[in-house]
Every structure is written in structure tokens, then in C-alpha cells.
Amino acid sequence: MRSEPNHMRRFVALWLLANAIMLPIVIFVLAPGMPPGNGTEQAAGQVVDNTVLLALSTPVALGVLLFLGYTIWAFRERNLDGPVLDGPAVTGNSSVQMWWLITTTALVLFLAGFGSVRLLEDGSGGGQGPSPLVVPSGKALQVQVIGQQWQFTYRYPAYGLETNSLVLPPDTLVEFHVTSLDVIHSFWAYQLGVKADANPGVDNIAYVETRGPLSFEVRCAELCGVWHGYMYNPGKVASSKAAFASWIQSQQQKYSAASKVLPPYSHTYFPGPNGRSG
Amino acid sequence: MAKRSLLVLSVALATLVGIAAYLFLYLANVPGSARAAQTSSGVNLYLATVPAAAANDPHPTWVSYYVTNKQDTNWQHKTTFVVPANSLVHVTVYQYDGASGLRNPFISQASGTVGGTFTLNGKTMNAIDPANASHVFALPQLGISVPLAGVASNAKDQCPNAPCTLSQAHMTITFTIKTGAAGLYRWQCFVPCAAGYIDGFGGPMQSIGYMDGYLKVV
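Chains as they are written, first to last, in this note's numbering: chain A, 674 to 951; chain B, 310 to 527.
Extracted from the complex, chain A is given alone in its bound form (with noise of 0.2 angstroms):
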């Protein structure tokens, strides 16, 4: 009869050098190049969230992987020529069954802790609806976001203008106001770190604080139709504040006539039903 290795220790050792290993390179090489990268604070924000997640969830991952592989290794049959015989009966261990359950509380509780304050820091750039819980200090540049099937566009209250492309002012906060004129849309730029739902009659409100100048797309994230998955448009955080300017003369000036017709700026439209429509 063969001894039996003490099982738990090895598993241990193996486990702990599988982290030193693994949760390095996770930390410091993968995680950093993460979507949605460092294009604005939320963004930033969620590569940093989306860094503890990993870090956190990779002992758990590597737990389970190599306790499925050390069983597999360990317990085999082998004696393959003899008989196949049953193995030792399986009993509870009331010490790793306490240790999983304080493990596992505590990452879930650490995380719903981690997960609230971070969502109250900045909003992590989601949509908070219409009576945002988390405002960011400092003065917004209000841009009105409205989906249509199947464009959106942008509206710049401050100046009095409404265009089918979004560019933004760098290192300035951005108050998003989403909505739609017919069905469910959602908002996202991703590299922005922003995704609001935009909703027919409802004002969405999401923050974004730009950093420098980048490039970066916007997606319709919610099936709304036949063209949904060509509901999508460039958009870019301008090199300057003067370029943005700049940018904002030339579009005042190319939309010059529809600007006349736009209806009062509202946080909400819902125009009702008119001809054929109703």
C-alpha cells in the first residue's frame, strides 16, 4: 500500500507559485492594455476596476484550474493492467468548507464595497438618468445626445447647434444628455468609458472628464432595428480648446439653416405623433 503525500500542501505550494507567477504578468502586462483604455478619467477609472477584478478573480480562476488538474494527475488509476478499483470513500473537510466560505464572502463583500464607492467617485461614466446621483465638481459642457433610427446626433446648447458629428473639447468635463426620438438606443464610446441608454422621453445623464486628443467611435448598443448595426459614427477629443472652437464656427456655419428650425433646447423630446406617424 502506497503512502499518501500530504495533498493539501502540495496543492497549496503549487497554487502560490502559480500566483507569484500569473498575477504579475496580470497586473503589470495584461491588464494595463485592457479596454477601454486611458482616453478620459472613466475610462482610466474602469481599466483600473477592470485591474482589481482580474487581480481578484485570478487565485480564484487558478484555484480551480489546478485543483481540476492536480486531481486529474494525482488520483489516476495507476495500476492499468489489474482490476479497476473504486477509490477512498469522499468525506467533508469542515475546515476547507469554513475557508471557502470566509474566502468567498469576503471577495463578494470587498467587491460590492469596491463596486459602490467607485461608482460614487465619478459615476464611472454610466448613465445615471435624469437626476444623476453622482455630479462631478467642476463646470460641464452640456452635450445632448439624440438617437433616431438610425443616426444620432449631437446637440451643443451652449451653442445653439446640433450636428451629426461629436467632438470634444480636451481636459473638460462632459454632461451627456441622452435621449431619443422613437425607440431604445444606447450611447456608447467605449473609449470614452461612457454607455447610456437612451431612452424616447427620458433624459439620461452620464459624465465624462476628456483628457487629451483622441480618436474614437460611437455604437447604437441596443438592437433597435434594421440599420442598428450600421448605427455608428466617428468622434474624436479635439488636439486644443482652440481647435474645438474652431470646430464649432465650421459646423454653426454648415448647419447654419437647420439651426433656424431646431425647436427650443429640452432635455427630453417626444414629439407627438404627426402625420402618417400617428
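If you are wondering where the hints come from, they were derived from the structure by calculation, not from laboratory data. Here a beta-carbon is modelled for each residue, glycine too, at the ideal position from N, C-alpha and C. Just so you know, not all the hints are guaranteed correct.
What the hints assert, rightly or not - Lysine-lysine pairs mimicking DSBU-like chemistry, simulated, CA-CA at most 30 angstroms apart:
(1) A:Lys812 <-> A:Lys909
(2) B:Lys487 <-> A:Lys927
(3) B:Lys487 <-> B:Lys379
(4) B:Lys432 <-> B:Lys465
(5) B:Lys432 <-> B:Lys312
(6) B:Lys432 <-> B:Lys387
(7) A:Lys933 <-> B:Lys487
(8) B:Lys312 <-> B:Lys379
(9) A:Lys914 <-> A:Lys868
(10) B:Lys525 <-> A:Lys927
(11) A:Lys914 <-> A:Lys927
(12) B:Lys432 <-> A:Lys927
(13) B:Lys432 <-> A:Lys933
(14) B:Lys465 <-> B:Lys525
(15) A:Lys909 <-> B:Lys487
(16) A:Lys927 <-> A:Lys909
(17) A:Lys933 <-> A:Lys909
(18) B:Lys487 <-> B:Lys387
(19) B:Lys379 <-> B:Lys525
(20) A:Lys909 <-> B:Lys525
(21) A:Lys914 <-> A:Lys933
Claimed, not checked - Here are some chain A residues pointing at chain B (derived, C-beta under 8 angstroms):
(22) Gln822
(23) Tyr903
(24) Pro936
Once you have looked at the hints, place chain B on chain A.
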């Protein structure tokens, strides 16, 4: 027993053939394409918009675009328009439908056309009254959008169904676009013009072959 197996096999085979036929017909029922006419004056694309498709159309009550010719005599129910790359394309739309109005007045201004303008019944302009919009010819990927004004509600001799003739009440809209590289670009209408559907967004607005289609640049 053999008889029963044969029956089961026959039913299974008939079901499979039925599914295959349905899939084939569904896939084959792609709206056709029409090539823009190359004339001495350049590349010309003639379109028409009507309040209702032809009586023999699968959806005879649906509003629709059609391809036609300069005299507006050769109507084809196709919404994929083939045009050459890197060319000026002169587009003429014979608009026979009444106004529905735009949800977003921003779209009442033309954009992306040569000069940023269009002509409405011979008059050059860059915008219309948003309430008078009947349809829009828009290629959002290319930044092109042209509002199409509607026929007055009290106009005489209005065309109820495709095909229509130039002797009937209509608006003539012309504009020129400059095509770029080859590619497939979608076009759509922005006016909620689908009568009988909630908020005018269903049916022809959601179906390629009526108020949606492609510009195939070759």
C-alpha cells in the same frame, strides 16, 4: 412496420424540402439592383417616391422608392442603386407623396451634396420646412442627406399607387453627389412615413426594398 417507416420518412422528407424551399425563396427574394444611366451629361440616377407601391406588389399599401428614367416611364421596384466610383452622380427624384413631417428638424437641411444644395422644382435651396418633408434620401455613412418635400395635400390629380406619371402632382428634386471609393453603403428615409404602423416606424421603414436600400459604388 415498413409501411409506417415509409410514411414517417416521407413526412420528414416533405418537411425538409419545405424548409429548404422556404429558405431558398427567402434568400432569393432580395430586392434587385439598378445601374445609374451613363449619358453624355454624366451619370444619372432617376428615382421616384410614392405613397403606395404597385397594386401587384406584395405590400401594395407600403410607401416606397422606385427606380425610373428621365421621362419617368420605366418604373422598377429596386432599391439597390449601382453607381461608378469617384464620379459625380446626378440624382433626380420624382416625389409623388404627401408630407409627413420630420421628427428631427435638423434633417431638414441638405448635407453632403455638391455645394450643399439641391433643387426643388428648379429652385436651388439647402433646406425645407421640416413639417413639409415627405421623405429623406440619406446615406449616413457618407454624410449625405437630402430632404424631399411633399406634395400639397390639396393638390389635384395625386398619384395613389405606383407607377405614377409626370402629369400627376409631384415635386422634382435634383442634387449631385460625388462618389468615393467602391463599397456598399446603406441609404434610408428619416421621415416616419409608414402609414398604419406605430409612430410610422414599422413596415416599409424597416424593410430593405421600400424606404431602405443600398448604394453600390463599383
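Evaluation of the provided hints:
1. A:Lys812 <-> A:Lys909: Measuring from Cα to Cα gives roughly 20 angstroms; hence the hint holds.
2. B:Lys487 <-> A:Lys927: Since the Cα atoms of B:Lys487 and A:Lys927 sit roughly 18 angstroms apart, the hinted pair holds (cutoff 30 angstroms).
3. B:Lys487 <-> B:Lys379: holds, 20 angstroms
4. B:Lys432 <-> B:Lys465: holds, 22 angstroms
5. B:Lys432 <-> B:Lys312: violated, 77 angstroms
6. B:Lys432 <-> B:Lys387: The hint holds at about 28 angstroms.
7. A:Lys933 <-> B:Lys487: holds, 27 angstroms
8. B:Lys312 <-> B:Lys379: violated, 65 angstroms
9. A:Lys914 <-> A:Lys868: holds, 24 angstroms
10. B:Lys525 <-> A:Lys927: Holds, at roughly 27 angstroms.
11. A:Lys914 <-> A:Lys927: holds, 20 angstroms
12. B:Lys432 <-> A:Lys927: holds, 20 angstroms
13. B:Lys432 <-> A:Lys933: Within the cut-off at roughly 20 angstroms; holds.
14. B:Lys465 <-> B:Lys525: violated, 36 angstroms
15. A:Lys909 <-> B:Lys487: holds, 25 angstroms
16. A:Lys927 <-> A:Lys909: holds, 19 angstroms
17. A:Lys933 <-> A:Lys909: With a Cα-Cα distance of about 26 angstroms, the restraint between A:Lys933 and A:Lys909 holds, given a limit of 30 angstroms.
18. B:Lys487 <-> B:Lys387: Satisfied, since the Cα-Cα distance of roughly 22 angstroms is no more than 30 angstroms.
19. B:Lys379 <-> B:Lys525: It holds: about 21 angstroms lies between the C-alpha atoms, which stays within 30 angstroms.
20. A:Lys909 <-> B:Lys525: Roughly 28 angstroms separates the two Cα atoms, so the pair holds.
21. A:Lys914 <-> A:Lys933: holds, 26 angstroms
22. Gln822: holds, 6 angstroms
23. Tyr903: Given a least distance of 5 angstroms, the restraint on A:Tyr903 holds.
24. Pro936: Interface hint status for A:Pro936: holds (7 angstroms vs cutoff 8 angstroms).
The structure fails hints 5, 8, 14 (numbered hints given earlier, in ascending order).
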